[in-house]
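Residue numbers (our numbering), protein chains in the order written: chain P, 8 to 152; chain L, 8 to 152.
You may find that some hints are simply not true.
The calculated label-pair distances, taken between Cβ atoms and stated as ranges, are [claimed, not checked]:
1) L:GLU133 / P:GLY73: 26 to 34 Å
2) L:PRO105 / P:SER98: 41 to 49 Å
3) P:GLU133 / L:LEU134: 23 to 31 Å
4) L:PRO123 / P:GLN39: 36 to 44 Å
5) L:THR112 / P:SER98: 42 to 50 Å
Pulled a few chain L residues facing chain P out of the computed Cβ check, cut under 8 Å [said to hold, decoys possible]:
6) LEU45
7) PRO46
8) VAL76
9) ALA77
10) TRP119
11) PRO123
Derived by calculation from the structure, the hints in this document are not laboratory data. Quick reminder that beta carbons are idealized off the backbone N, C-alpha and C, glycines included.
Protein chains: 2
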Amino acid sequence: MYRNDGFRELDRQECLRLLAKVPVGRIVHTRQALPAVLPLNFSLDGDGAVLLRTSAASELVRAIDGSVVAFEADEVDAAAHSGWSVVVTGSAAVVTDPAERERLTRTGPRSWVPSPEEVFVRIEPELVTGRVVGGRSLQGLDPSR
Amino acid sequence: MYRNDGFRELDRQECLRLLAKVPVGRIVHTRQALPAVLPLNFSLDGDGAVLLRTSAASELVRAIDGSVVAFEADEVDAAAHSGWSVVVTGSAAVVTDPAERERLTRTGPRSWVPSPEEVFVRIEPELVTGRVVGGRSLQGLDPSR
Numbered sequence: 008m009y010r011n012d013g014f015r016e017l018d019r020q021e022c023l024r025l026l027a028k029v030p031v032g033r034i035v036h037t038r039q040a041l042p043a044v045l046p047l048n049f050s051l052d053g054d055g056a057v058l059l060r061t062s063a064a065s066e067l068v069r070a071i072d073g074s075v076v077a078f079e080a081d082e083v084d085a086a087a088h089s090g091w092s093v094v095v096t097g098s099a100a101v102v103t104d105p106a107e108r109e110r111l112t113r114t115g116p117r118s119w120v121p122s123p124e125e126v127f128v129r130i131e132p133e134l135v136t137g138r139v140v141g142g143r144s145l146q147g148l149d150p151s152r
Numbered sequence: 008m009y010r011n012d013g014f015r016e017l018d019r020q021e022c023l024r025l026l027a028k029v030p031v032g033r034i035v036h037t038r039q040a041l042p043a044v045l046p047l048n049f050s051l052d053g054d055g056a057v058l059l060r061t062s063a064a065s066e067l068v069r070a071i072d073g074s075v076v077a078f079e080a081d082e083v084d085a086a087a088h089s090g091w092s093v094v095v096t097g098s099a100a101v102v103t104d105p106a107e108r109e110r111l112t113r114t115g116p117r118s119w120v121p122s123p124e125e126v127f128v129r130i131e132p133e134l135v136t137g138r139v140v141g142g143r144s145l146q147g148l149d150p151s152r
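Given these sequences and hints, build the entire structure.
Right, here's the structure in full:
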């Protein structure tokens, strides 16, 4: 995380607890050599991996399958100037194992825009970082943890 | 924007109008060869450039000054499965011109965590893209525009 900006860093456990509270995050990757970012709903797997579900034909899937991506979620209260942001960084891969696909069909995220052929994408939680943003502490975030 | 995912694209004017409604977005860049993303409050300049204000000593400034970055903002209603996302992509640079700094001190964004020495960062609106996310249309977004 960045230093010299007065923000408190969160540990991995705190990050995953916050991430589990929100339904939507943003996938960050590189597209045609430019930074790209897109909100998506998601769920967390037991090990902290981020699970996405999208159309098999989408350009997003082609852009991220096999790449290192970041997945960010946050909750910011602009009036209180406070909030948190968590980022999971790791390799993204389309889930191809049939048993795993079957499990995720039952337990994974649902598509907001269902399409005939969908795939699950798993982002490995290789790096899980987070921070409190803004100057004041946020309700529900206990600084002593 | 991505095709084959059923989402409607927004034109530049629509994007800038939506961007002006929200106080916080996320800066996306590359850090130590990894994708990095961080929420920040911002304001829009008259030409659609994104203006940030941060500590001169922050690692963020060193990471983005002179680089092409993306700045994303969104509003997503998870219950309604709908919302929008806008991305401004362009070169980021610390504002060094004294007259320009003076103007931005009056009209630019305010820091949430003021620090003794602050700088303004300007992201040129070289590419302004946006989309409706989710399957339903969003109140306030008139598809005929």
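Status of the hints after comparison with the structure:
1. L:GLU133 / P:GLY73: 26 to 34 Å: 28 Å, holds
2. L:PRO105 / P:SER98: 41 to 49 Å: 46 Å, holds
3. P:GLU133 / L:LEU134: 23 to 31 Å: 29 Å, holds
4. L:PRO123 / P:GLN39: 36 to 44 Å: Distance hint for PRO123 (chain L), GLN39 (chain P) holds at roughly 40 Å.
5. L:THR112 / P:SER98: 42 to 50 Å: Roughly 43 Å apart at Cβ, these two residues keep to the hinted range, so it holds.
6. LEU45: 6 Å, holds
7. PRO46: 5 Å, holds
8. VAL76: Holds. Min distance 6 Å.
9. ALA77: Hint holds; ALA77 (chain L) Cβ to chain P Cβ min 4 Å, cut 8 Å.
10. TRP119: 4 Å, holds
11. PRO123: 11 Å, violated
Figure legend: structure checked against the earlier numbered hints; the only hint not met is number 11.
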